[in-house]
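Here are the chains, one letter per residue:
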Amino acid sequence: GESVGLHLPTLSVQEGDNSIINCAYSNSASDYFIWYKQESGKGPQFIIDIRSNMDKRQGQRVTVLLNKTVKHLSLQIAATQPGDSAVYFCAENSGGSNYKLTFGKGTLLTVNP
Amino acid sequence: EAGVTQFPSHSVIEKGQTVTLRCDPISGHDNLYWYRRVMGKEIKFLLHFVKESKQDESGMPNNRFLAERTGGTYSTLKVQPAELEDSGVYFCASSQALTTRLFFGSGTQLSVL
Numbered sequence: 001g002e003s004v005g006l007h008l009p010t011l012s013v014q015e016g017d018n019s020i021i022n023c024a025y026s027n028s029a030s031d032y033f034i035w036y037k038q039e040s041g042k043g044p045q046f047i048i049d050i051r052s053n054m055d056k057r058q059g060q061r062v063t064v065l066l067n068k069t070v071k072h073l074s075l076q077i078a079a080t081q082p083g084d085s086a087v088y089f090c091a092e093n094s095g096g097s098n099y100k101l102t103f104g105k106g107t108l109l110t111v112n113p
Numbered sequence: 114e115a116g117v118t119q120f121p122s123h124s125v126i127e128k129g130q131t132v133t134l135r136c137d138p139i140s141g142h143d144n145l146y147w148y149r150r151v152m153g154k155e156i157k158f159l160l161h162f163v164k165e166s167k168q169d170e171s172g173m174p175n176n177r178f179l180a181e182r183t184g185g186t187y188s189t190l191k192v193q194p195a196e197l198e199d200s201g202v203y204f205c206a207s208s209q210a211l212t213t214r215l216f217f218g219s220g221t222q223l224s225v226l
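Respectively, the protein sequence lines represent chains A and B.
Following the numbering used here, the numbering of the first sequence begins with 1 at its first residue and continues without gaps.
Following the numbering used here, the numbering of the second sequence begins with 114 at its first residue and continues without gaps.
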């Protein structure tokens, strides 16, 4: 598996609880934001995205909130399950292109059964 | 449908040696990207291909790194000569168009000793 070697912020929750993972971004010109999930030994997996003309978007058990005023992004996971344990990254498209993403450091989510 | 595949999954080499990483994008995806995460840092953009052409290589750290995508299918990333600071995880991603989401491979863990 991958050796992370990062001192990541961590969040530990009980199975069934809701999780909230936060991310701050710095570039006010960013107009596209994505949350990725990375499990051990795998690459980042797309969870949900949001464009700057929205402040909320919902998926299956996940909700992304965008506050452009304070440049803050959050990911809410409802009824967290053990399979949700992973590192979660937010990313932004600083520069206006979807491909040139700027990633955050990541948050390690641990779900306790 | 096969996802983005990367080879090898792990590579351990000595300083000064050469290593070549390979990425096979999802079939039909013209856009191919390389990202990497070195120890203690965030995932960072390296470069972007559209078919066989380099569209943006602004993230390439120095001229010891050479990326190719001959024929517009798979891509290789060569590091020659490798240095200690090149250690990290190298991710490849692909997308159908610039405005669509990126799909990441599982990465190549490179260790330079």
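Simulated from the structure, these hints should not be mistaken for lab results.
Don't be surprised by glycine CBs; every beta carbon is placed ideally from N, CA and C.
Warning: the hint list may mix true and false statements.
Said to hold, decoys possible - Now the in silico label distances, taken between C-beta atoms and shown as ranges:
| no. | chain 1 | residue 1 | chain 2 | residue 2 | range |
| --- | --- | --- | --- | --- | --- |
| 1 | B | 174 | A | 45 | 32 to 42 angstroms |
| 2 | A | 39 | B | 152 | 17 to 27 angstroms |
| 3 | A | 9 | B | 125 | 41 to 51 angstroms |
| 4 | A | 59 | B | 143 | 23 to 33 angstroms |
| 5 | B | 179 | A | 18 | 27 to 37 angstroms |
| 6 | B | 143 | A | 58 | 29 to 39 angstroms |
| 7 | A | 79 | B | 181 | 26 to 36 angstroms |
| 8 | B | 140 | A | 46 | 15 to 25 angstroms |
| 9 | A | 20 | B | 214 | 35 to 45 angstroms |
| 10 | B | 125 | A | 40 | 29 to 39 angstroms |
| 11 | A | 9 | B | 214 | 17 to 27 angstroms |
| 12 | B | 185 | A | 113 | 42 to 52 angstroms |
| 13 | A | 14 | B | 130 | 41 to 51 angstroms |
| 14 | A | 83 | B | 209 | 20 to 30 angstroms |
What the hints assert, rightly or not - Under 7 angstroms between C-beta atoms, here's a sample of chain A residues computed to sit facing chain B:
| no. | residue |
| --- | --- |
| 15 | 25 |
| 16 | 32 |
| 17 | 43 |
| 18 | 56 |
| 19 | 57 |
| 20 | 59 |
| 21 | 61 |
| 22 | 99 |
Requested in this report: Against the earlier hints, flag every one the structure doesn't satisfy and list their numbers going up.
Outcome: Violated hints (numbers, rising): 1, 3, 5, 7, 9, 10, 15, 16, 18, 19, 20 and 21; every other hint is consistent with the structure.
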